[in-house]
Amino acid sequence: MSVLSIDNLSGGYGEADILHGISLEINAGEIVVVIGPNGAGKSTAMKAVFGLLRLSGGSVHLAGEEITNMDPAEVVNKGVCYVPQTNNVFPTLTVHENLEMGAYIRKDDFRPRLAEIYEMFPPLAEKKKQAAGELSGGQRQMVAMGKALMLEPTLLMLDEPTAGLSPIYRNEIFQIVRQINDSGVPILMVEQNAKQSLAVASRGYVLVDGQNRTTGKGTDLLNDPEIAKMFLGG
Amino acid sequence: MIPRSQKCFWADNNFKMDFINFYLIPGLVLGSIYALGAIGVSLVFGILRFANFAHGELMLIGAYITYSLMVFTGLHPLMVLPIAMLFTSLVAVGIDHTFYKPFRASKSTIVIVASFGIALMARSAVQIIWGVDTFSYSSGRIQMPMILFDTLRLSHKHVWIVCCSVALMAVIHLILTRTRTGKAMRAMSDSAELARLTGIKTENVVKATWVLGASLATAAGVFLGWDSHLHSMMGFYMLLPMFAAAILGGIGQPYGAMVGGLVVGLAEELSAYPWIGDSPLLSPAYKAGVAFALMIIMLIWRPSGLFKGRVF
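Top line first, the protein sequences correspond to chains A and B.
9 is the number of the first residue of the first sequence in this note's numbering; add one for each residue after it.
-14 is the number of the first residue of the second sequence in this note's numbering; add one for each residue after it.
In short, the hints are calculated from the structure, not lab data.
Note that the structure is a prediction, hence the values are computed from the model and not measured.
Worth double-checking, as some hints may not be accurate.
Here are the simulated lysine-lysine pairs, DSS-like style, with alpha carbons at most 25 Å apart [as the list claims (entries may be wrong)]:
1. B/K192 / A/K115
2. B/K1 / A/K86
3. A/K203 / A/K225
4. B/K142 / A/K115
5. B/K1 / B/K142
6. B/K272 / B/K1
7. A/K237 / A/K225
8. B/K142 / B/K272
The whole structure should be built from the sequences, with the hints applied where relevant.
So this is what it looks like as structure tokens:
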């Protein structure tokens, strides 16, 4: 059974639809990357999973259970964590408090997990007491991902985690993504950086104008001349 | 008072003590009261994203509930204050559930206008229940002030008001920085959407915000009533200085509101001091104007306030 399946989803924010029947599927252990030009509806599809969208058709299932239009807090309770592209940390809270907020719904002792996160992101351990808003872009991204991982999610959704980052941080983030996936967490990731992201992906989806354009294994898409022309600069 | 022309200001102890006894201390007392109210205004603005014009009425309701409890139990207002805080919190949560919740997704201007309506309704309700006469917490017995260093006169109630205010602010600080709910309040103030995506039950945070805001408003109302007397317009008159304090400190910043409250309170009292010549610099009748002027100057000079709050 797939971890998450989005079937024929349509919807948008205002009157006009942005998504016109999108379908995506993530299986256990996969990294699925969604690429596409600006305005293709990549981020919108992610928000739809979290009930942040007005849906006009289609459905979302999490491990077979329907979660279409469910309240975001409920979706988090089901173990799905979402890291938005921007505004993904609480800027006036310290790094430590941000991670604590990530574990907000946990009732058990999450200190061991906290230690693991600090181990995974060593720069954060040094800046525990600093306000997250004062960190660099790359470190903020680490806080955002660490915060999401505090829950030990069953599915992690990342919206352009490397946008605006320097190449060094970009590589580091991709490495961390692979590391998280190795620990058994399936990942759904929207990326602008098609080449690097498809290289780590199990499968990729190409969205254009709110519709599925093509799909396939990450490496196949990388070698597809049409995709190369569209996104990889020939 | 000795005519100023005969004496050099700071060399003369009488002048110094006049200044401290009649301007500085009342300024601190008033400032503490404003600060307690302004913290609530700031918290509500940060988390619910609207300027609550009915916050003065929460003070009013709190002060009157305290009065009734005092009459009913025969205890000192400070003793029944916690119970009054609880009742006022219930009223605030009830008002939110009935009148503000349906507007949660609406523009903030709509909620602001709604809060104006709530203020009028609440004030009328108080006038119907308790009448329009003034009340007093004190029994009429005059308590002699403490006299320190021969000339420093401290009234007991002023000491109590300032100490209790400082204690309440310390409690608020601990709640916001040490408790799960307090941290969630700050998180939601940073970004309500991210708070929801994190799994924080935002409606519970909203309730906690009203409980804190209403409790502080009750304390502010009781302190104000204790310092002078209770009347049904007291909440309305507090609205302007409380907003001035919240804006001065940076709206949405509870710590800014504490500083803003003290600044506005001191500025109001000190503006009536005879800084030049023998007559007050500004007639005490213009006190409210001082708060208003501070608010306007701040909005022009630095709209985000001293502590970098939000901009209206």
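Hints versus structure:
no.: 1; hint: B/K192 / A/K115; result: holds (21 Å)
no.: 2; hint: B/K1 / A/K86; result: violated (67 Å)
no.: 3; hint: A/K203 / A/K225; result: holds (13 Å)
no.: 4; hint: B/K142 / A/K115; result: violated (44 Å)
no.: 5; hint: B/K1 / B/K142; result: holds (22 Å)
no.: 6; hint: B/K272 / B/K1; result: holds (22 Å)
no.: 7; hint: A/K237 / A/K225; result: holds (18 Å)
no.: 8; hint: B/K142 / B/K272; result: holds (22 Å)
In this structure, the hints that do not hold are numbers 2 and 4, in rising order.
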